[in-house]
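Engineer: Chains as they are written, first to last, in our numbering: chain A, 8 to 114; chain B, 13 to 126.
Among these hints, one or two may not hold up.
To be verified - Simulated restraints on C-beta separations:
(1) Lys110/A x Gln14/B: 23 to 33 Å
(2) Val22/A x Arg78/B: 42 to 52 Å
(3) Val22/A x Arg98/B: 22 to 32 Å
(4) Asp24/A x Val16/B: 32 to 42 Å
(5) Gln10/A x Gly77/B: 20 to 30 Å
(6) Glu68/B x Pro15/A: 34 to 44 Å
As the list claims (entries may be wrong) - No more than 27 Å apart at the CA atoms, straight line, and that leaves these computed lysine-lysine pairs for DSS-like:
(7) Lys46/A x Lys110/A
(8) Lys114/A x Lys46/A
(9) Lys69/B x Lys52/A
(10) Lys69/B x Lys46/A
(11) Lys114/A x Lys69/B
(12) Lys63/B x Lys76/B
(13) Lys46/A x Lys54/B
By construction, these hints were calculated from the structure, which means they are not laboratory data. The beta carbon of each residue, even a glycine, is placed where N, CA and C say it ideally should be.
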Amino acid sequence: DIQMTQSPSAMSASVGDRVTITCRASQGISFSLAWLQQKPGQVPKRLIYSASTLQSGVPSRFSGSGSGTEFTLTISSLQPEDFATYYCLQFYSYPLTFGGGTKVEIK
Amino acid sequence: VQLVESGGGLVQPGGSLRLSCAASGFTFSNYWMTWVRQAPGKGLEWVANIKEDGSEKYYVDSVKGRFTISRDNAQNSLYLQMNSLRAEDTAVYYCARDRGSAFWGPGTLVTVSS
Numbered sequence: 008d009i010q011m012t013q014s015p016s017a018m019s020a021s022v023g024d025r026v027t028i029t030c031r032a033s034q035g036i037s038f039s040l041a042w043l044q045q046k047p048g049q050v051p052k053r054l055i056y057s058a059s060t061l062q063s064g065v066p067s068r069f070s071g072s073g074s075g076t077e078f079t080l081t082i083s084s085l086q087p088e089d090f091a092t093y094y095c096l097q098f099y100s101y102p103l104t105f106g107g108g109t110k111v112e113i114k
Numbered sequence: 013v014q015l016v017e018s019g020g021g022l023v024q025p026g027g028s029l030r031l032s033c034a035a036s037g038f039t040f041s042n043y044w045m046t047w048v049r050q051a052p053g054k055g056l057e058w059v060a061n062i063k064e065d066g067s068e069k070y071y072v073d074s075v076k077g078r079f080t081i082s083r084d085n086a087q088n089s090l091y092l093q094m095n096s097l098r099a100e101d102t103a104v105y106y107c108a109r110d111r112g113s114a115f116w117g118p119g120t121l122v123t124v125s126s
């Protein structure tokens with residue numbers, strides 16, 4: 008099984024900060040990675056797919072990069088509505104696996 | 013795109029439930045479909061996938077032999093038959109479109125408890 012390791016597991020940041028979240032795969036997954044955002048009490052929402060393609064309607068301050076085993080989600084200027092938990096998901100091989108999540112909290 | 017799950021509830025250990033997911037707003041028969049679950053206060057866990065025509069199905073190890081994913085393309089519906097339920101199956105169950113989970117339903121809560 009492919010393990011997805013996210014870091015950090017939690018972080019505090021201020022509005023306007025640049026935020027970077029990393030996801031490492033235990034083996035190569037090409038570009039088969041998605042990033043999702045989940046706000047408390049809400050349904051997960053996909054932000055990025057195929058490692059770097061922005062989902063329609065998602066603000067351009069979100070971006071994704073990477074391939075193979077290392078991937079990053081960057082929020083260029085954190086907004087109040089971005090405080091949430093972020094998950095990566097590999098869909099390269101079965102079983103599909105999520106990262107453990109990164110909780111972004113207000114500093 | 014709209015996905016709406018139903019069928020959750022309280023069930024005793026060893027019992028069964030059948031979850032349904034009604035899809036609309038897209039051509040259901042053109043997409044892989046996914047079930048994902050989230051235990052209370054925990055992260056997301058992929059449960060199962062089914063190919064567009066139902067010919068391929070995949071499961072996480074912890075549910076193999078107990079859960080069955082299926083679909084009815086004529087009814088635009090996805091199903092998850094859950095047997096031999098355990099306390100650790102307690103979670104909100106979401107259906108999602110495609111393997112990359114592009115769109116999600118609101119989820120249905122399954123509680124396994126005596």
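Engineer: Hint by hint, which ones does this structure get wrong, listed from lowest number up?
Structural biologist: Hint check: 3, 10 and 11 fail, others pass.
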